[in-house]
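Protein chains in written order, with UniProt numbering: chain A, 1 to 67; chain B, 1 to 67; chain C, 1 to 67; chain D, 1 to 67; chain E, 1 to 67; chain F, 1 to 67.
Hints may contain errors.
[What the hints assert, rightly or not] Computed list of lysine to aspartate or glutamate pairs in EDC-like fashion (alpha-carbon distance at most 16 Å, straight line):
1. E/23 <-> F/50
2. C/5 <-> E/11
3. C/23 <-> B/31
4. B/5 <-> D/50
5. F/38 <-> C/16
6. B/64 <-> B/48
7. D/5 <-> F/46
[To be verified] Some chain F residues close to chain E (C-beta under 8 Å, calculated; not the full set):
8. 27
9. 37
10. 46
11. 47
12. 50
13. 52
14. 54
15. 55
16. 56
17. 57
18. 58
Read the hints as simulated data drawn from the structure, not as lab findings.
Cβ coordinates follow ideal geometry from the N, Cα and C atoms, glycine included.
Number of protein chains: 6
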Amino acid sequence: MPYIKIEVTREGVTREQKTALIKGATQLLTDVLNKDPKSTFVVIDEIDTDNWGVAGETVTDIRKREV
Amino acid sequence: MPYIKIEVTREGVTREQKTALIKGATQLLTDVLNKDPKSTFVVIDEIDTDNWGVAGETVTDIRKREV
Amino acid sequence: MPYIKIEVTREGVTREQKTALIKGATQLLTDVLNKDPKSTFVVIDEIDTDNWGVAGETVTDIRKREV
Amino acid sequence: MPYIKIEVTREGVTREQKTALIKGATQLLTDVLNKDPKSTFVVIDEIDTDNWGVAGETVTDIRKREV
Amino acid sequence: MPYIKIEVTREGVTREQKTALIKGATQLLTDVLNKDPKSTFVVIDEIDTDNWGVAGETVTDIRKREV
Amino acid sequence: MPYIKIEVTREGVTREQKTALIKGATQLLTDVLNKDPKSTFVVIDEIDTDNWGVAGETVTDIRKREV
């Protein structure tokens, strides 16, 4: 009965990538803990870069400097 | 001082349904644990069907098959 | 496919009360959103009163004053 | 390696306020626990007032009465 | 900067299994989204079977029936 | 009505430090967003170092190397 929450910044994650994350996380729980995929939930939470902070600044500001 | 998070897929939950979820969850904590409704928070988190996975696939794909 | 997290202070919640919370929350999602109980998860998270703060102080300190 | 989630109602939080929340929360973990800012994550989750309940009613309804 | 929370029932997850979950989840985010492992957090939350409900009953009760 | 969750590794956080985190986080929400302290919840979640991963390994293993 695992529940997996994946939080990433909202920076163009495609539907294919979401499917791959869900498939991969579900498989991981089966491989490591022998969990039944049917009762494994995966929730992807995309966070605006204004709303995610690292080292005391927003990812928006970090990305600007990276350009 | 309970905090309740309700995560559901974003599939047309109405304002009336949200009010009913909030009222019901608050009442549940009062009935079972005698908690004060005034200090009970309920947060509803609606998740896109592309972002919720069960059994290794997205709810979007599951819904397509159900039609 | 709902997921419900109930956070309460760890103050002697009994097994019977946990069962009642789980049963009640699951029923609520069925009543309001017609969700299938079989795919409804409820997780109860008990938090030490030292670790829960309201109005800027711990519940431990609040409880002391209430005595 | 702290992770801090700040949930507030979505009521016009500005980019400057988000930056101040991220900076302040990161500083707090450094001041109190001597954590390295570089490995401190802060995530701000803005919740629609229809989706946040207090005392059994939505913040939308509470706000209406306050006017 | 991903953050991954894995919630499973507390049923004897070993240190080796935890390491495998952390390694696997971190690799998944690198493979699918090209995320830097150094800034990927994985948190495993083990939940008592009394505190996890499925289909309106605790996992403790479900496990009893399975024996 | 803010809710703040602070997740840190369980490495000897004292009661005084918890009080300081709760007081500081509550003050931050008042300073930045003018939130009422009385309706601000802060929850501290201490995570075993075996259960927290960074860069694909547990904090337990990272700490061993640091010695």
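Taking the hints in turn, this is what the structure says about them:
For the hint pairing residue 23 of chain E with residue 50 of chain F, the CA-to-CA distance comes to about 12 Å; that is within 16 Å, so the pair holds. For the suggested pair residue 5 of chain C and residue 11 of chain E, the alpha carbons sit about 19 Å apart, so the restraint of at most 16 Å is broken. Distance check on the hinted pair: residue 23 of chain C and residue 31 of chain B sit about 13 Å apart at the alpha-carbon level, within 16 Å; holds. This hinted pair checks out: residue 5 of chain B and residue 50 of chain D have alpha carbons roughly 14 Å apart, not beyond 16 Å.
Between the alpha carbons of residue 38 of chain F and residue 16 of chain C the distance comes to roughly 31 Å, so the proposed pair goes past 16 Å and is violated. A C-alpha spacing of about 14 Å is found between residue 64 of chain B and residue 48 of chain B, which places the hinted pair at or below 16 Å, so the restraint holds. For the hint pairing residue 5 of chain D with residue 46 of chain F, the CA-to-CA distance comes to about 14 Å; that is within 16 Å, so the pair holds. The interface hint given for residue 27 of chain F is violated, since its Cβ lies 25 Å from the closest Cβ of chain E, which is over the 8 Å cut-off.
Taking 8 Å as the C-beta cut-off, the interface hint given for residue 37 of chain F is violated, the closest approach to chain E being about 27 Å. At its closest, the beta carbon of residue 46 of chain F sits 11 Å from a beta carbon of chain E; the interface hint therefore is violated under the 8 Å criterion. With a cut of 8 Å, the hint placing residue 47 of chain F at the interface with chain E holds, because the nearest CB-to-CB distance is about 6 Å. With 8 Å as the threshold, the beta carbon of residue 50 of chain F comes within range of chain E, its nearest partner Cβ sitting at about 5 Å, so the hint holds.
Given the 8 Å rule on beta carbons, the hint for residue 52 of chain F holds: about 6 Å separates it from the nearest Cβ of chain E. Taking 8 Å as the C-beta cut-off, the interface hint given for residue 54 of chain F holds, the closest approach to chain E being about 6 Å. Against a cut-off of 8 Å between C-beta atoms, the interface hint on residue 55 of chain F holds, since the closest Cβ of chain E lies about 5 Å away. With 8 Å as the threshold, the beta carbon of residue 56 of chain F comes within range of chain E, its nearest partner Cβ sitting at about 4 Å, so the hint holds.
Residue-level restraint check for residue 57 of chain F holds (minimum Cβ-Cβ distance to chain E is 7 Å; threshold 8 Å). Against a cut-off of 8 Å between C-beta atoms, the interface hint on residue 58 of chain F holds, since the closest Cβ of chain E lies about 6 Å away.
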